[in-house]
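Novice: Sequence:
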Amino acid sequence: MAAGHDPGMSSTPSARPRPVPLPRTWGVRPRDVVALVVANGIFIVLMWVRHGGLQDLSSLAGVLTGLGQLAALAGTYLALVGLVLMGRSPWLDEAFGMDRLAWAHRWLGFATVWLIGGHLALTVTGYALGDGQGIISELATLVLTYPFVLWGLVGFLLFVMLGITSVRASRRRLSYESWYFLHLYGYLAVALAFLHQLFAGADFIHDQLAAIYWISLYVLAAALVLVFRVGQPLVTSTRHRLRVSAVVPEAPGVVSIYLAGRDLDRLPVRSGQYFVVRFLTRDGWWRGHPFSLSSAPNGSWLRITVKALGDDSTRLQRMPIGTAVFVEGPYGILTGARRSRRKVTLIAGGIGIAPLRALMESLAARPGELTLLYRVRQESDIVFRRELDLLAAHRGAAVHYLLGRRTADPSASPIGRGAIGRLVPDIAEQDVYVCGPADMMRVVEDSLGELGVPAGQVHAERFAY
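According to numbering that gives the first Met the number 0, the residues represented by the sequence shown are 0 to 464, in order.
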């Protein structure tokens, strides 16, 4: 173990990890959130109708201008919804999980770009027809003479930049740090959209009710972001004063980082959850990375496990002992709270073993009720081999290490339908937790569907490792 390892801090699993407080459950249902979003959208359209949105449809110019207004309202509303979805609100995390929230945020972002782009094109064309001049000339007039139209244009260009960098081809070429830094401009884009709407939007100029309603939406969105992305992490990090206490090699290119702190027995967290972790070094304080707990919470220390996948994750493996740590979270729904069946199978790939190793330690199960399938390319890639074998002995669990190179044929994969069905014949009657590389997870989820496992019994979250 690395120098600085606290006395008594052992990675040896226990049969019964010491419990810590569990995060609060909110009981929010996904359909209720969707209904609220849709109802607000309908109300916004009705307010547009109320202050005369349908009155000037006698000409093509009026129709285009009206459609431009609707596109602006819809685009701005979706931008606010997307902001709230990734605002780390605990009830949204509980209802959907960050994986699904990130998916919705991404597609709402693309819709926002198209709608605001449509607003620009429709409005400029409608005004040009009404004024009897060319589109380029009309655009120049609007930008140079109308209040805050230039600000709105800058906000739109920022949204376009965010959309381009969110396309998969662009995303693969950007480091996580670069992508994250660029997406902070989303807050500026929303702020510029608000100023444009405040001084040029028909809702604010002609309808006091609509103005109050929209201002309330902006204030609420800003408050949620400030509370859960700024306030809650500040409170947690100040209260518990986390620091690096040890860096321990686990496998080639893989280390575990132990975090010690104050009153960790009062930190509500479940096995399977993750924190967004910032190590407060001179060049690393602004970089936040999601890392799952790789050991069940025990009230004394936390453990995350990092694989060297790039420059930044390699840097983390050399983190000095005593480094202060800032955390956001905990987040994630890959927990025992989702369990609905007596028997459980955990399916891990690569470093995706981290949250499932913690679950294997903490899930309530009798001998024979817990199975782990662990997919790696070769035996030297197995992380936590000794711990997993000890856990299997302690808990009467079955552990299967599935070795072999990746294959393009899912039926021949060591983690494909045939292998899963052979190793766990009654898998359709079990809860299944899945974590690993995206390609592996797709193969596993398809295989589970073919084996008859209901979707509600499959628990997977790509943000969890």
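Hints listed in this document are in silico derivations from the structure and should not be mistaken for laboratory results.
Just so we're clear, the structure is a prediction, and the values are computed from it rather than from any experiment.
Some hints could be false.
Claimed, not checked - With a straight-line Cα cutoff of 16 Å, these simulated EDC-like cross-link-like pairs (lysine to aspartate or glutamate) come out:
1. Lys-342 to Asp-380
2. Lys-342 to Glu-428
3. Lys-342 to Asp-425
Novice: All hints, please: hold or fail.
Specialist: To see whether the hints hold, each was checked on the structure:
1. Lys-342 to Asp-380: violated, 27 Å
2. Lys-342 to Glu-428: Holds. Lys-342 to Glu-428 sits at ~8 Å (cutoff 16 Å).
3. Lys-342 to Asp-425: holds, 9 Å
The structure fails to meet hint 1 from the earlier list, while all remaining hints are met.
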